[in-house]
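Student: The letter at position 66 of the sequence shown is residue 69 when you use our numbering, and the numbering goes up by one with no holes.
Hints were generated in silico from the structure; no laboratory data involved.
Hints are not guaranteed to be accurate.
As the list claims (entries may be wrong) - Straight-line distance between alpha carbons at most 25 Å, and here's what the computed BS3-like set of lysine-lysine pairs gives: (1) K188 - K360; (2) K350 - K360; (3) K226 - K275; (4) K188 - K239; (5) K239 - K307; (6) K338 - K307; (7) K184 - K359; (8) K223 - K239; (9) K399 - K184; (10) K188 - K111; (11) K359 - K388; (12) K360 - K179; (13) K338 - K188.
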Amino acid sequence: MRFTILGGLEELEVPLVHYDAGIFPGTSDWYSIFEQFVAFDSRFSHLVYGCLTGRHGDVAEVDENTNREFYGTAEGEGDGPFHDIAEAQFTADAQQSVHVLFPLYLEKTSVGITRLSSLDNYYSVDYRPLCSCVSVHQYVGSLLMHILRSESPHSLALRGVDLDAPEIGIILHRLKEAGWKPYLKVHQLNWVHDVEGSYENYIAGRPGRLRSTLRRKTAKLMKLPNVQFSVHDDRKDLDHLLQIYQQVYDLSWKVPEPHPHFIPQLMSACAKSGELRLGLLSIGDVPVAIHFWVVKGGNAFIYKLAHDSSYDSYSPGTLLMAHMVRHVIENDGVKRLDFLSGDDAYKRDWMSVRRKKYVVTAYRPYSLLAQSDRFFEQHLRPFVKQLALGVAKMAKWN
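Throw the hints in and build the complete structure from the sequences for me.
Tutor: Written out as structure tokens, the structure reads:
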């Protein structure tokens, strides 16, 4: 077993093989790493993959102390982002596997401060190291320590982490042990609901105003001719469905996607893997509402919703939501509904638990540059931001 730091996309040339279905596959195909994120962000001056490699079966045969004896060296550089939030096994060849992959990037500022950060982006909903199986979680902390020693950053920032994730708990523990005091700040909010029983049981537990809306709007909608609800879960007619998705999205209240190619290719990847659930509400030949969900490992992840705003009086998005929930409960047997990121008011009508995702920031101990960076990020930057907002408000009043 050994730890290695890899830099550059050329180091990772073989497909990503999914291992554990328990975590949302955010970018479930290798395409999203190589093709979609390469040109997204100029921040990535140095790409860092922290890897724990070894032969198949080694994970079950070695312990933490034994593994600490095998440290690799930093090698190579490159640019281009890496993002995945699936738990996975990265197979290097017939004998070797990467059991843990820790995607990060290194940024060097003009004043000499070096920051190491999670390789996340606009679409990230959960960040954690990639592990081949639960038994390798114990190596995550040692791998992080090796990365910190090899790259010598002044700070570490991991965005969008779930504090209940075992990998994150290990990371926090090892940071504290090493004197890197972690600071926590809420990054985004996440509404979920654990399904117990049938769809009827689920809907009976929703607020009365939602149940009333469903009854009234269903009765109103069904007076129109040729109303159709459908759910598509494979690649059949996918190109046509992607056109419909974009058509409805353009007629909705939503702002344009910052990276318009990402969602269609993610849909295509999920269709290929059998994880796509694309819900469509049509009236006659007119598509009115569309939902993009991902079903994986007993979870239904609600990724994108859109409807034609001219049909608002029928609440098409709400009615399609109910249809989708029924479908994933009765056909997929999901145990959890997950709205991913966002604290929109309507989400609490469908979900029952509000969770927090955090930014974890830590600074190198006994470093003047690191502590100066901490003071700037935690105190000076927020002060300047608030001051600018105050000046802007005063300018409007005048």
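Student: Give a verdict on every hint.
Tutor: Okay, the hints, checked on the actual structure:
1. Among the hinted pairs, K188 with K360 is consistent with the structure: their alpha-carbon atoms are about 9 Å apart, no more than 25 Å.
2. Taking the CA atoms of K350 and K360, the gap is near 16 Å; set against the 25 Å cutoff, the hint holds.
3. A distance of roughly 37 Å separates the Cα atoms of K226 and K275; the hinted pair therefore is violated under the 25 Å criterion.
4. The straight-line distance between the Cα atoms of K188 and K239 is roughly 43 Å, outside the 25 Å bound, and the hint therefore fails.
5. Proposed proximity of K239 and K307 is supported: the alpha carbons are some 20 Å apart, at most 25 Å.
6. With a C-alpha separation of about 20 Å, the suggested pair K338 and K307 falls inside the 25 Å cut-off, and the hint holds.
7. Proximity of K184 to K359 is assessed by CA-CA distance (about 20 Å); at most 25 Å being required, the pair is judged to hold.
8. Between K223 and K239 the alpha-carbon distance is near 31 Å, which puts this suggested pair outside the 25 Å criterion.
9. Taking the CA atoms of K399 and K184, the gap is about 41 Å. The hint is violated against a cut of 25 Å.
10. For a cut-off of 25 Å, the pair hint linking K188 to K111 stands: about 23 Å separates their Cα positions.
11. Between K359 and K388 the CA atoms are separated by roughly 24 Å; this keeps the pair inside 25 Å, and the hint holds.
12. Proximity of K360 to K179 is assessed by CA-CA distance (about 20 Å); at most 25 Å being required, the pair is judged to hold.
13. Straight-line distance between C-alpha atoms of K338 and K188 comes to about 29 Å, which puts the hinted pair past the 25 Å bound.
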